[in-house]
Structure formats: C-alpha cells, structure tokens
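Student: Position 364 of the sequence shown, counting from 1, maps to 364 under the UniProt record's numbering, and the rest follow consecutively.
These are computed hints drawn from the structure, not numbers from a lab.
Calculated cross-link-like contacts (lysine to aspartate or glutamate; reagent style DMTMM-like; alpha-carbon spacing at most 20 Å): (1) Lys443 - Glu474; (2) Lys147 - Glu111; (3) Lys244 - Glu257.
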Amino acid sequence: MKNFTFIIIVAFWCNLSFAIQQDDAEDLQIANEKIQQLLNDAEVSVNTLDFDNAIEQLNSSLELSKSIDDKRFIALSSSILAKLYYIRHEFNKAITELNRAISIQREIGDEKGLAYSYVNFAKIFMAQNNKIRADRYLNLAEELYLKLDDQEYLGIVSLNRAIVISRTQGDMTEALSLLQKAKNQLADSKNMYEISRLYYYTARVHISLENYELAKENCNKVLEIAQAQNFGGMIMSTYRQLSKIYEATGDYETSLEYLQKSYARNDSIIAMNKEVLAEQANAKYGVDALQSSLNELSIQNAEQESKLKVNKLTTILSVALITILSLLTLSLYKNNNLRARANELLQKKNTELTKAKENAEKASLAKAQFLSTITHELRTPLYAVTGLTHLLLEESPTENQKEHLNSLKFSGEYLLSLINNILDLNKLEANKVEIMEASFDLKKRISDVLVALKNSADEKNTKIHFNYDDSIPEELKGDPLKISQILINLIGNSIKFTEDGDIWINVSKNSREGNNVLLDFEIKDNGEGISKEKQKAIFENFTQGSTQINRKFGGTGLGLSIVKNLLSLLGSEINLESDLGKGSTFTFQLKFEAKEVDNSINNTPPKAAEPVEDKLEGKNILIVEDNKINQMITRKILEKHGVKCEVADNGTIAVEKTQEKEYDLILMDIHMPGISGIEATKEIRKFNSEIPIIALTAVTLDDNLDEFYLNGFSDIIPKPYKTEEFFLKINRQLAFKESTV
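Please work from the sequences and hints to get the whole structure.
Tutor: Here is the structure:
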C-alpha cells in the first residue's frame, strides 16, 4: 500500500512538471513571434523613414529579447538599428551596432543573421565610396547565403554588387548584367524595398548608358512601388533621377517639374509644420470671426467697415507678395548654390580627367618605346641563335647533334613567335592596326593555314576535318591577313590542347543581302576543354586555363587575346562553349563583300609565280654590321653559296668602301655606332642610285616601312629571318639589277 501511494505521488509531480514545461514553451514561442513581428515592423519603419516608430519598436524587441535571453534576436535588433543609423548617415553609430551584432552572431553560429549584418556593413562602405571593403563584406555574405541556398538574399547581394559598380563609375554593362541576375533571384521575393532599389539602380545604370527610355520606364516602376509602400526617401531620389533624364533629353520644363517635386518631398516635414501653424492661425483669426467683426462694425459705421476691408485686403496682398518673393528668392538662392557646387565639382572632375588622360598617354608612349627597344635587343641575339643553328645543321651533324640542334631551332622560333605576339597585342591595344581590303579565295586561304599547321597536328596524332560550304562565293573582299592570323591562333590553340583527337573547321553561309555575305566560322575540338569559371578570363592577356595547363602545354596565353582584339576590329566577337575534359567550340561571324567571278571571260587558271634563279655565285656583297657574331653568321651563310663578302663595321666605313669599290649588293644594318644605316644609305644614294641596298635589321618594321623605302632601300629583311626568304630577296634584287643594265 505504501509503495502504491509513492508511485501515485511521483506520477503526479511528473505530470505537473511536464505541464509547467509545456506552458513555458508556449510562452517562449509567443515571445519569439512578438519579437519577430516587432523587428519586421521596425524594418518597415526604417524603410519609410519613420524613425521614431522604428526606435520604439527596436527598443521593445531588445527588452523582450533580453528578458528571454535570446541572443539571436538581440543581435538582429542591433543589426536593424545599424541600418537605421546608416540611412541617417550616422555611420560611426551604425558600425558600433554592427560590430556588436556580428560578435554575438559569430558566438552563437547564426549564419543567416551574420550574412544580413555583412550586407549592412557593405552598404555603409558603399556610401563612403570604399569599393574594396564593400566588395569584401559582400563576398562574406554571398558565401553564407550560398551555403544556406537563400536565393532571395543572394539577389540582394547581386543588387549591391551592381550598386558598388554604378557608384564607382565602373563597367556599366557588368552592372546591368548583375542587376538582371538580381531580378531573377528576387522574382519570388516580397521585400518591396529591395525590389524598388533594384529598379532605381537599373534606371541609374541606363542613364549612364544613355538608354533614357529604359531609365524612365524603371523610374516609373520605382514610383509605383514606393508610393504604394510610402518609401519617402525612394520617392524623393526617383523624382531627382527623372529630372536628370528629362534634362538630358532636352525636356527642361518637365525636368524642372520633377526637380520641384523632389524639393517638395525633401521639405515635406517643414511644409507639414507650416500647415499646422496655418490651421492655428485660422482658428484664431478665421474668416468667420473676421466676418462677424465686420458685421458689427458695419452696424456702427459703414465707412469704417469699407476702410478696414480695404486695409485688410491690402495687408493680405502685401503679406502674400512678400511671402512669394521670399520663397522665390530662397529658391533662386538654393538653385544658385547647387549650380555653383555642380560647376565646381565638374571643373574639378575635368581637371582630374585631363591629368589622368595625360598620364595615360605618357604611360602608353613609354610602353611603346620600351617594347620597341626590348624587341630590337631580343632580336639581335636571337639572330645569332637561329643563324648558327642553320649553319650547324648544314655541316652534317651526327644524329644526336641534329636532335639537339632541331630543339634549339624550335626554341628560337618559339621565342620569335612570343616577341611577335607581344608586338601584335601592343599594336591592337594602341589602335595602330588598320583593316586592309583585298580580294581573295577564302577556301584556299584556310587550306594554306591547315597546310602550315599540319606538322603540329601530326605530332599530336590529331586529325583535322575541314567542311566548307560550296554556296560561298569563290572570291570575297576583306582582310585576308587578319583572317589567317585569327584562324592560325584558334586552330593552333585547338592543336595544342588536343592529343590523339579530332579538330573540325566548319565554314558556312549564314545569309546574303546583295553583295554582302555573312559567314559562320566554327573551330571545334575534343581536347582538354576549359572549366566554366575560366571561360571568361581565357581571352585576357597572359591567361590560360590553369597553372597545370601552362606547365603541361606551355604557351603565353596571348593567342586568344589577339583573336578577340582582331575580331573586335573587324566588327565581330568570339563565342566559346566548352566542358572540361570534353573539348571546346569557338564560333564567330564575319561579313564579306562577294565578288562574282565571270568564268566566261577566261577559264584559264593564273600561272604560278616562277622561282627566282640563283644568281649568287661570284657576286660581291658588302655586309654592313657592327655585331661581330652577326657579321660572321651572315658571311658564312653567303660564302656557302659562292659569294665574295666584305664587311664594314659601321655606316661611315660602308660609305667609304662603296665610293672606292663597286659591289653587286649591300646588306645594311640599321642601328650602328656613328651614323645609322638609314643615314649611310642616304649618303650612298647621292653618288650611286643603282646598287641594291637591303635593310637587314632587327627593328620593328610595321610602323617604319615607308621610312625605309623613302630613304633609298630596295628591300627589307627582318632579323631573325628564314634562309629561304633571305636568298629569295637577294636573288630578286640581283635579277632586277641585271635586267635594268
């Protein structure tokens, strides 16, 4: 019996304890719901600039949070209070509150609240134009929202990234792309304040891009939301933005109207106070009281009533006139101050821009001069490397030696290719490349490129498939050299990253209007491929897919950058689709002028150019060169073909030797001590206009061709050269001299 009684007592206390715990849990849930509602209401109050209510709601939520010791709500209250201080431009107070919130959120592991605080921190640094710190906090917030898979707040992060770009006058196209991304992410959001900010900054970016109709359309969307939600600050800013739009489009009357609306909204509190004072004055000196007094006066004295009425009207009119004049004066004063500040700011910005432009021009000139100098300095020893390699390969080396010499030859050609790529890129960036118009056979041009790259493809055991649309006209007008350069870089890139695979080159006709033909080009491979995150950067200078790819395949990462710049020059752009490990597809479009070939006139194919006869045997050639190694190399190459050579160490000696002895041809270096090769040539031409003089030089030729020919040179051979080209140009000049004798 005693045991039974004990069991009943224990059961009673257990039930009582459970009931108390259940009541406590219900009370806690009610408190949590009330705090959350207070915080939601506070954020709405902040967005509508109702700061008194916001502070009261935040204080209530903070007291209630402390009473239940809920650190998450305590931190969130501080974070929303920081947003209030940020809107009021009290940045120090905002930062203090955010630091307090972040400290608690990190302690309790509240990742969502922490991300919200990071976004508020980013907004503060945006307002202070500190792009670096704003980006840093947005990155932190984005990491947490990605982890939480919160699309709505990822949209807010994208929106704020776009705001950073628009405020710092960055790439507005990138800002527009981020705003579109934010719009997609906020599609299901009910946060009308952030959506109104999205439309507001979309309009702001369109103003920068001079898309005024789109800017106006987005401003109207802002006003629709802001007026419905009573977002006073957003309404005022949008009116000011609409004023800018109408001013830019020449509608000054509407611009002034929106500017006045903006001022009116800004002064709404003052205007409200004026209305209260007016009501008080009407209560004390109202129309009814005045009429009653007048009636009493009319009974006593009609004449006095008439005088009083006139005096009262005069007083009212005077006060009204003085008020209007005062308001007009104040308005003019404010407008003049704004105009003066704007002019001062504009003048300051113009000065800064002028200075920046001058510095950029100086830097560009220094860069061009540096590249010109370093190119010459690199080409000179490179000539020795390639020349000596050529001589050694002709002296019957052993198989091991031949292998080493071929490797040395390849390295020299690779270094020359690197130098040429850097120079090409420099010219493209400096807008020094001109488009050439010439008629050519596109199919033959591409076939020649494929022949040149065949050995590289064979070494990789890679097959090249060429598909060409037969409906493309045989003869097109365009720039064949740039087409070749684009295809060499793209196909060469595919060969580099495709081993034991296939490459497809597809050219098809897209459309034709009159004589204009639009062609589609596709270079496709099944090689290494490029990861999604690297695809955008792959067209930048000195960029490759990764460090591992650079180590495995080599290269400088300039080829695709040159392609992008060349296509931009031709009015097109490169597109890339790629999957890592599955291959890449590069596509672009080019427009050509079609030239119809009249086969009825002449169906006979043009004769191939006949080879130039070797006329070197027994000829006397003067080599003008200050570099001893280069003298030796050039002399030995010529003497192997039966040429009698003499050497002049500088331009002065060359002039003297030419006066004393007759030569069949002169090879003239340009940069030498004393007088230059150009000056020496000008002196020789004064007494001998017939002798062929070929510039054998390491200088960059593209910008100096006219100067060489105008100063008396017969032809130019750039160093380092291919021996075939070297002998071809010398034989051509010797043959021309004999034909004119």
